[in-house]
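If you want the building blocks of each chain, they are given just below.
Number of protein chains: 2
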Amino acid sequence: MKKINIAIVGLGTIGSYFYNFISKNKDAISKKTNVIPNIIYVCARNPKKKRLFKIPKKKWAKKYTDIVKDKNVDVVVELIGGSDGAAKDLVIKALLNKKHVVTANKALIAKHGDKLSKIAEEKKVNLEYEAAVCGGVPIIRSIKEGLIANKIQKVYGIFNGTSNYILSSMDQNKLQFKNVLIKAQRLGYAENNPESDLNGEDVASKVQILSSLSFNSFINKNIHIEGIKNIDMDDISNADKLGYKIKLLGFSELINNKIYQRVHPTLINKSSYIASINGVLNAVIVNGLPVGKSVIQGEGAGPSATTSALISDVSSILRGNIKYPFVISNKKRKKLHSGNISKLSFSAYVRLDVKDKHGVLSNITKTFSRFKVSIKRLIQNPAKSKKNSSIVIITHRALDLNLQKTLKILSKKNYMIKKPKLIRIENN
Amino acid sequence: MKKINIAIVGLGTIGSYFYNFISKNKDAISKKTNVIPNIIYVCARNPKKKRLFKIPKKKWAKKYTDIVKDKNVDVVVELIGGSDGAAKDLVIKALLNKKHVVTANKALIAKHGDKLSKIAEEKKVNLEYEAAVCGGVPIIRSIKEGLIANKIQKVYGIFNGTSNYILSSMDQNKLQFKNVLIKAQRLGYAENNPESDLNGEDVASKVQILSSLSFNSFINKNIHIEGIKNIDMDDISNADKLGYKIKLLGFSELINNKIYQRVHPTLINKSSYIASINGVLNAVIVNGLPVGKSVIQGEGAGPSATTSALISDVSSILRGNIKYPFVISNKKRKKLHSGNISKLSFSAYVRLDVKDKHGVLSNITKTFSRFKVSIKRLIQNPAKSKKNSSIVIITHRALDLNLQKTLKILSKKNYMIKKPKLIRIENN
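Order-wise, the sequence lines are chains A and B. Going left to right, the first sequence walks through residues 32 to 459 as this note's numbering numbers them. Going left to right, the second sequence walks through residues 32 to 459 as this note's numbering numbers them.
Bound conformation, chain A alone (with noise of 0.2 Å):
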């Protein structure tokens, strides 16, 4: 049987189970694939670390660079990590040299992917990324295969673990953010520096990654991005007694031709599918005809999910199953314009904090009609002090522009005592 000559690149957590995952199932994926997956290097910023498995001596190279020119390499599997650097570099050198490349790498995909495919069309070899997005969720695959005849609209849904694991934590337990963020730390949830994972930029990655799949166009950098750092737990209950739950959800639409790419913290009802995903599951909702909505669900990281994903992206350079990296031919690929959120319409939570004295409820509903945004409902609550009050307002669906400008307006006003709150409300 044919062998196929992989090098990894990166021996973090995934890259460690990768490597033990291949070695120990050799025999069941060259069953399938045709193929024998053998892994020829390993490289890695610190060899001599202890790790739980014995990797012969012989396999370890010494530098990349050495990698991306040997003959006798086929498939390297970047996992480095970061949109540039070590990553970029190596990425870049190993498509030059035709070899097939896989990564992970959600952030180096959403800014230089279009140039990596680029070079893969020319080189003819395969750059496939399908662990870069939602590891259990067979996402990618879907969109550029099971889903294939479809023109996607809309495509969206829960695409943080760590958030996700977060908002439903503090739901479920009345727990506060920051306790929340510690359990999770130290289940291995949240990584040691979430950033990243809790201001968005995680979602709108994969979200740019996601649009530019399902639109044919290349990667769009205009994004609107919030994350759940100023979700509180009296948010949560809030929207509890409402009838709501808070997730965070990245959005892409293409309306009138335009892409709407947005993430944010969202109210969605508790009845609706997306609401009853809880924990590090990740969802993706793809709208499309003729299929109507199609749904994905799965672990969206970690080791085992990321491994499943890695491997279905070796399989189908083993199968020789050549494809563009987006889909279609970069010659075929649209530049698509770009919309923003503040055209966009939502019905909304306006969370304000407020002194309670005489006149503020009558100047707030004022602000609030003065930009067009009529209020369905309004609940005031007195703070514990019983000097201030927690006024909650669901807005009717009005112009994004109009709710920034009324909440822009009330911050300024001497009776706040926090910045106003604004959540989006999604209604399917």
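Take the hints with a grain of salt, since some may be wrong.
Unchecked claim - Per label pair, the in silico range of CB-to-CB distance: (1) A:Gln184 x B:Asn210: 32 to 38 Å; (2) B:Gln216 x A:Asn288: 37 to 43 Å; (3) A:Asn288 x B:Leu83: 50 to 56 Å; (4) B:Lys272 x A:Lys450: 44 to 50 Å.
To be verified - Looking from chain A toward chain B, a few residues come up when the C-beta cut is under 8 Å (computed): (5) Lys62; (6) Lys63; (7) Val66; (8) Pro169; (9) Arg172; (10) Gly177; (11) Lys324; (12) Ile342; (13) Ser343; (14) Asn361.
Claimed, not checked - Mimicking DSBU-like on lysine-lysine, the simulated pairs with C-alpha atoms at most 30 Å apart in a straight line are: (15) A:Lys324 x A:Lys388; (16) A:Lys129 x B:Lys33; (17) A:Lys62 x B:Lys362; (18) A:Lys205 x B:Lys272; (19) B:Lys154 x B:Lys182; (20) B:Lys185 x A:Lys324; (21) B:Lys362 x A:Lys182; (22) A:Lys365 x B:Lys34; (23) B:Lys205 x A:Lys324.
Just so you know, the hints here were simulated from the structure itself, not pulled from any lab data. The C-beta atom is built at its ideal place from N, Cα and C for all residues, glycine as well.
Since the structure of chain A is provided, determine the placement of chain B on it from the hints.
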């Protein structure tokens, strides 16, 4: 650009939609596959029937036997239906003549898939059947490709839109089975002859196909099948009060290297994911290693969802992605033994409609205890007449054989006024 010639045999609702879709989306498909899909022939029982669109005269083939011999035909799309007869004959002849075959025919694949797959492998052509299992859910391709790394232990879910529509409508609108069925037929969610949808056979075919793919085994005929015809509003409202919903589920599990296949109405926790899948939706859940639990959900049937699946199959062929019909070579597929449902253990809902007389309850509980089925919960409701009672029992986990024996003995008691009813509970 290369052209590939497609012949469609069978022009009912699905065939017509598919013909139209390909004709209108040639460009979009060829952009993604680099090959132009060209419908060269159509063939149907009644060529003179009025159709919503015009098919040029030269495209009409008189007999499918002409098509399979025609050197210009590359792909035959079988949309006749039925496990035998013309459908089987067409597919065999097409494969023998080295034509790729795409089919939406679950009955054919479940019954003759092994034989057909052998011919396809010998003739080195594709036999693709994504549309046969839950159309809008790209589950076949996901198991073959996206989840290829995984050792699958269990695959289960909601595989029949008609049954799911009926059960969820009964639940939501408090309507009797018969009335919902009439409504479903009016809306096109149930066929005029809905027999195979309601008696579980449609689900059984899908379970057998998924087993075979998931466990790399030949198709296994041993499957326990129950449909939904005996479920009435009392069961649904009893379940509701106890915190459950009733769904028709199909299951296939690998336990100690034996395949256990079963289709039956099932009580599942209201808060579980499956309970939230209502209407004509289908959902497939795959438990595998390393991926964990992966879920795919979408519309199960209907011309648009089915066309999405057919096109993904055609595209896979257009890309030249030739693969074994059941992931691995027939030479390597295993003949796994099967286990009987009677050897599995379940909690169960048991409903006994009895004459309300002295000693009945004691006799019932004695019968349960005789077969080592212990009772977790018992609710006795007097019937309107007050002469009868409806007793609902939730059992602890017990061997299915013992549950069946208990019911058999009870069914002979002279105090029973209806056949006793058993619905298994799935805890997940």
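*Index of numbered hints that the structure contradicts, given in increasing order*: 3, 7, 14, 15, 21
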